[in-house]
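Taking the hints into account, I'd like the entire structure generated from these sequences.
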Amino acid sequence: MASIDEGGGGGHKKGPGVKKAKKLSTRVDMTPMVDLGFLLITFFIFTTTMSSPTTMQLFMPKDSKDEDQNKAKESGALTIMLGKNNVVYIYRGQLLPDASNLHTTTFKGVRDSILQMKKDVINAHVHDAGCTKIQEEARLGNSKVNPPILPDPNWKNACLDKDLVIVIKPDEEATYKNTIDILDEMAINAIKRYAMVDLFQVEKDLIKKIEVGN
Amino acid sequence: MPSVKIPRKSTFVDMTPFVDVAFLILTFFIMATKFKPEEPVEIKTPNSVSTKELPESDAIQVMFDSSGRVFFSVLSENDPKAKYEVIKHINDSRSLGLTEAEMKNFVRTPAVGVPFSGLKQLLAIPQEDQKNFKQPGVPLDTLGGELYYWIRDAVGTFTGKKLQFLIKGDNNAKYPAFKQVLTAFKKNEIFKFQMITMLEDAPAGSELAILRNREKAASK
Numbered sequence: 001m002a003s004i005d006e007g008g009g010g011g012h013k014k015g016p017g018v019k020k021a022k023k024l025s026t027r028v029d030m031t032p033m034v035d036l037g038f039l040l041i042t043f044f045i046f047t048t049t050m051s052s053p054t055t056m057q058l059f060m061p062k063d064s065k066d067e068d069q070n071k072a073k074e075s076g077a078l079t080i081m082l083g084k085n086n087v088v089y090i091y092r093g094q095l096l097p098d099a100s101n102l103h104t105t106t107f108k109g110v111r112d113s114i115l116q117m118k119k120d121v122i123n124a125h126v127h128d129a130g131c132t133k134i135q136e137e138a139r140l141g142n143s144k145v146n147p148p149i150l151p152d153p154n155w156k157n158a159c160l161d162k163d164l165v166i167v168i169k170p171d172e173e174a175t176y177k178n179t180i181d182i183l184d185e186m187a188i189n190a191i192k193r194y195a196m197v198d199l200f201q202v203e204k205d206l207i208k209k210i211e212v213g214n
Numbered sequence: 001m002p003s004v005k006i007p008r009k010s011t012f013v014d015m016t017p018f019v020d021v022a023f024l025i026l027t028f029f030i031m032a033t034k035f036k037p038e039e040p041v042e043i044k045t046p047n048s049v050s051t052k053e054l055p056e057s058d059a060i061q062v063m064f065d066s067s068g069r070v071f072f073s074v075l076s077e078n079d080p081k082a083k084y085e086v087i088k089h090i091n092d093s094r095s096l097g098l099t100e101a102e103m104k105n106f107v108r109t110p111a112v113g114v115p116f117s118g119l120k121q122l123l124a125i126p127q128e129d130q131k132n133f134k135q136p137g138v139p140l141d142t143l144g145g146e147l148y149y150w151i152r153d154a155v156g157t158f159t160g161k162k163l164q165f166l167i168k169g170d171n172n173a174k175y176p177a178f179k180q181v182l183t184a185f186k187k188n189e190i191f192k193f194q195m196i197t198m199l200e201d202a203p204a205g206s207e208l209a210i211l212r213n214r215e216k217a218a219s220k
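Protein chains in written order, with this note's numbering: chain L, 1 to 214; chain C, 1 to 220.
No lab work stands behind these hints, which were simulated from the structure alone. Keep in mind that a hint or two might mislead.
Restricting the straight-line Cα-Cα distance to at most 27 Å, the calculated cross-link-like pairs of lysine-lysine (DSS-like) are [claimed, not checked]: (1) K162(C) / K62(L); (2) K192(C) / K62(L); (3) K156(L) / K162(C); (4) K204(L) / K161(C); (5) K186(C) / K192(L); (6) K220(C) / K204(L); (7) K192(L) / K52(C); (8) K192(L) / K187(C); (9) K62(L) / K186(C); (10) K161(C) / K62(L); (11) K9(C) / K22(L); (12) K23(L) / K9(C); (13) K208(L) / K192(C); (14) K192(C) / K179(C); (15) K156(L) / K120(C); (16) K9(C) / K118(L); (17) K62(L) / K5(C); (18) K209(L) / K187(C); (19) K62(L) / K187(C); (20) K62(L) / K52(C); (21) K192(L) / K216(C); (22) K120(C) / K104(C); (23) K162(L) / K52(C); (24) K192(L) / K192(C).
Computed footprint of chain C on chain L; a stretch qualifies when at least three of its residues, placed anywhere within it, have a C-beta under 8 Å from a C-beta of chain C [what the hints assert, rightly or not]: (25) 26-34; (26) 86-100; (27) 178-184.
Keep in mind the model is a prediction, meaning the values are calculated, not measured. We put the beta carbon where it would ideally sit given N, CA and C, even for glycine.
Next up, the structure:
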């Protein structure tokens, strides 16, 4: 056969002085290599990060002195105030003097409030000239901007919530996380118009009073 | 009766598959991760549904930690010279009297969080030892404080380039710290920011999730 017979020499016996070469094992001890491998893994776990961070866009308005800033329709305004310990205070329209329209909620409950508000605004919607323009923009989309805005198949609904304005007012005790969370909530619920402004003194006092009361 | 001989088994275990696994995991970590950027403070950023990627170059980053200390840094991966130009500009405009070596050290420094008066002291320390130096943060007030000048001079250096403005805040930082940082930017006529966050999925059934699905379908 093709195999090489190592037994050698056709049954020829070696003399007594000829030593048989000891066959060395081809097995290599891999343990140090395992050690090295895991050492490197440990090093990489400690010095690297898994997730690459993302960024969230924020556009702030210019601080203009004149007061004719785009006034929000009272019926479509929702004010969200962020207080201490992740508590959220919300009210619709204007804050009543007796604060009876102020509700206290949490970050979990705020989404429902926003969606409810959006629904109510849509139900109360009255078509006007500005609406047609918004509908047209949504119908065509915009491929020039990056990322492109896709044409909306529901373009007829695009302007239904145009009166909805959410005003975000973080308190001094609110954390940065709260602020980002509420801005994120705007993105999640596709709120087109929102603004981040300071609290009025009345509201500050009110929040303080509620917090002391708790 | 002859005793039954138990054949002695070798204790040698074949480690080869173990090596394979170890190196496979190692490869995964090398591929899937990125080196942590060196930073003087640890900042735990909040989550958001935003998917925009973080720029690595031509950006100014302002960080604030949970106690409200503010740090300023220039990100210029592609062009290390830009960072040098920034400190040179600041050195001239604020007459800080930094030496050439100290300005070179700034290029290696990941972020600074000291008042202008303490900058010379910080940059005199070699970069490796800076982490032992307690940085008090860039002074801020309701008018922007010293951060205003940092931003102004950095913007002045980058004229002609599209500069991005990053804000990286800690979860537990209070809102006034964020507001003061925004003020410092606004005073420089900058109104567009990017806040560094960690990605999380849009909640199922929300309008954003519906929109994202539509975009995904359109790109297929």
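Going through the hints against the structure:
1. K162(C) / K62(L): OK: K162(C) and K62(L) at ~20 Å, within 27 Å.
2. K192(C) / K62(L): 10 Å, holds
3. K156(L) / K162(C): Violated, because 37 Å separates the two Cα atoms, which is more than 27 Å.
4. K204(L) / K161(C): Between K204(L) and K161(C) the Cα gap is close to 42 Å, so the pair fails against 27 Å, i.e. violated.
5. K186(C) / K192(L): 22 Å, holds
6. K220(C) / K204(L): 50 Å, violated
7. K192(L) / K52(C): Holds, because 18 Å separates the two Cα atoms, which is no more than 27 Å.
8. K192(L) / K187(C): Given pair K192(L), K187(C) holds - Cα atoms ~26 Å apart, limit 27 Å.
9. K62(L) / K186(C): 7 Å, holds
10. K161(C) / K62(L): 22 Å, holds
11. K9(C) / K22(L): 21 Å, holds
12. K23(L) / K9(C): At roughly 20 Å apart (the allowed maximum being 27 Å), K9(C) and K23(L) satisfy the hint.
13. K208(L) / K192(C): 32 Å, violated
14. K192(C) / K179(C): 14 Å, holds
15. K156(L) / K120(C): 61 Å, violated
16. K9(C) / K118(L): 76 Å, violated
17. K62(L) / K5(C): Not satisfied, since the Cα-Cα distance of roughly 92 Å exceeds 27 Å.
18. K209(L) / K187(C): 34 Å, violated
19. K62(L) / K187(C): 9 Å, holds
20. K62(L) / K52(C): 24 Å, holds
21. K192(L) / K216(C): 21 Å, holds
22. K120(C) / K104(C): 12 Å, holds
23. K162(L) / K52(C): 26 Å, holds
24. K192(L) / K192(C): Answer holds: K192(L) to K192(C) is near 17 Å, not above 27 Å.
25. 26-34: Holds: 6 residues of the stretch 26-34 of chain L have a Cβ under 8 Å from chain C.
26. 86-100: It is violated: at least three residues are needed, and the stretch 86-100 of chain L offers just 0 whose Cβ sits closer than 8 Å to chain C.
27. 178-184: Contact hint for the stretch 178-184 of chain L vs chain C: holds, 6 residues under 8 Å.
Violated hints, in rising order: 3, 4, 6, 13, 15, 16, 17, 18, 26; the structure is consistent with all others.
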